[in-house]
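Q: Under our numbering, residues 280 to 784 are what the sequence shown spells out, in order.
One or more hints might be untrue.
In silico lysine to any residue, SDA-like type, Cα no more than 20 Å apart, as pairs [stated by the list, open to error]:
1. Lys525 <-> Asp612
2. Lys549 <-> Gly464
3. Lys509 <-> Lys549
4. Lys605 <-> Lys680
5. Lys605 <-> Asn649
Hints are computed from structural coordinates only; laboratory data are not their basis.
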Amino acid sequence: MLHSIRPVLFSNDITDSFPYWLRTAPLRALNLGKNNLHGLVGPDPLELNFPHLYFLDIKMNNFAGSLPSKHFLQSNLTDIDLSINKFEGALPILPPRVEMFVISSNRFTGEIPLLLCNSTNLVKLDLSNNSLTGRIPQCLMDGSASVLDLDLSMNSFRGPVPETLSAPNNCNFTTIDLSQNHLGGKLPRFWANCSKLEILDLSNNELQDSFPSWLEVLPSLYILALRSNKFHGLVNTSGSPQPFSKLQIFDLSNNNFHGAFPTQYVASFKSMTSGDEKRGNFVHQARGNQIFQSASVIGKGVTLELIKIQKAFSIIDLSCNHFQGKIPDAIGDLKLLTGLNFSQNNLTGAIPYSFGNLTNLEWIDLSLNNLSGEIPGSLADLTSLAYLNLSVNRLMGPIPKGKQFNTFKGDSFGGNPGLCGFPLPRECREDANKPAPSTRAEEEDTEKGSWIEWQAVPMGYGCGTAFRLSAGYIMLHFRRPLWLMRMMERRIYKLQRRARRTRGR
């Protein structure tokens, strides 16, 4: 008999069925995640009778079949993670003591049972990436309920987001992710009382509302993603002294906002201007286990899913709207900015020289606007800049030389008849016979070899222009960048499993 109360067989490439024989051990926690376990889990409910078990983690395996509710009702489980398997059918009724229930990336169908509302101890609920339908139960959106971390993204929920029916001034949410559904209507106004809210992701729905300036008072909000909805109107502050003071991802892309560039907000993003010693990975703690939050943004022309989001990771995306006017010089104060996308608007004027202060900037997309004047030479000093798109504007004059600008291709500057110089075929008159100067940084890069390559191939000028992005996987781990990590790991994981199956034949 096993005497350990917490056996951990996590990520050991074990190929087997569910170990029912372990129920004879006095287990309190069982972690079988990231293996190659397969088959049904508990076709007989007696097989899942682990009387002392409170923690069950079987994520990232090949388990399949349905989960009859009687399996869980007879258990004392408080923490359940069944994510990234092949479970299907209706959602089970949860154990009365459950605090964490994660079933993301399976094949569950049907509506959320109202009996789930009886789980009064539930703190984290993740039903994302399934095929669930119907309306979101009002009890789940009640800010006074026990749920702090709610993720219903990547399903087929419809209808409006429910308003609270009780205690509208009391809201305990820290995370609300309803992205990639079919939700419509307006946002619940009681969210303005969610003082602990840190992540609000409503992207890729059918929401129709004006800009929620009433959210700017939230003291902890650092991700606001409204991308790809039907939001409309002006983007103005409601007059708060420090609106969105903690915001680090501000994504309004692909909506119907119009009017002047929201300079008041840009100037107030204090958390993008300087860091502190406590900045690092944002982590939720749930019974001793680290649960990393994720979000997706559009950068470099592709949708990027961010996992293990660092608080030093800052993005502003206003693309695919109808903003007008000049880009403010105050942008240059956001020295922690990592990505900036203002493409497909009606912006005019020059590119601010202050962009040269954005030393952490890794991508810029200002394409499809009416920007004029010369490209500031200060952009050439941004050594972290891996992607640049200034195409289809009214820019003129020589393209800056040296450093990062020697790595960009003609697609980054096309559609600007007044531009000249490398990499465009049109030479500038004053230096037609002069070789482009090299820099010490360029010479060092040549000696070390090319660690990473970014390629951008435009596929059209619609909103959400697609690009092919390639990067050496060794660099993904060497530098620990924050985009594409989950996608790359899943692809490699699938290839490894496919190779194992091939070898076993």
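Q: Hints first: check each against the structure and report whether it holds.
A: Each hint, compared with the structure:
1. Between the alpha carbons of Lys525 and Asp612 the distance comes to roughly 15 Å, so the proposed pair stays at or under 20 Å and holds.
2. A C-alpha spacing of about 31 Å is found between Lys549 and Gly464, which places the hinted pair above 20 Å, so the restraint is violated.
3. Taking the CA atoms of Lys509 and Lys549, the gap is about 28 Å. The hint is violated against a cut of 20 Å.
4. Only pairs whose Cα atoms come within 20 Å are accepted, and Lys605 paired with Lys680 is rejected, the gap being roughly 25 Å.
5. Between Lys605 and Asn649 the CA atoms are separated by roughly 10 Å; this keeps the pair inside 20 Å, and the hint holds.
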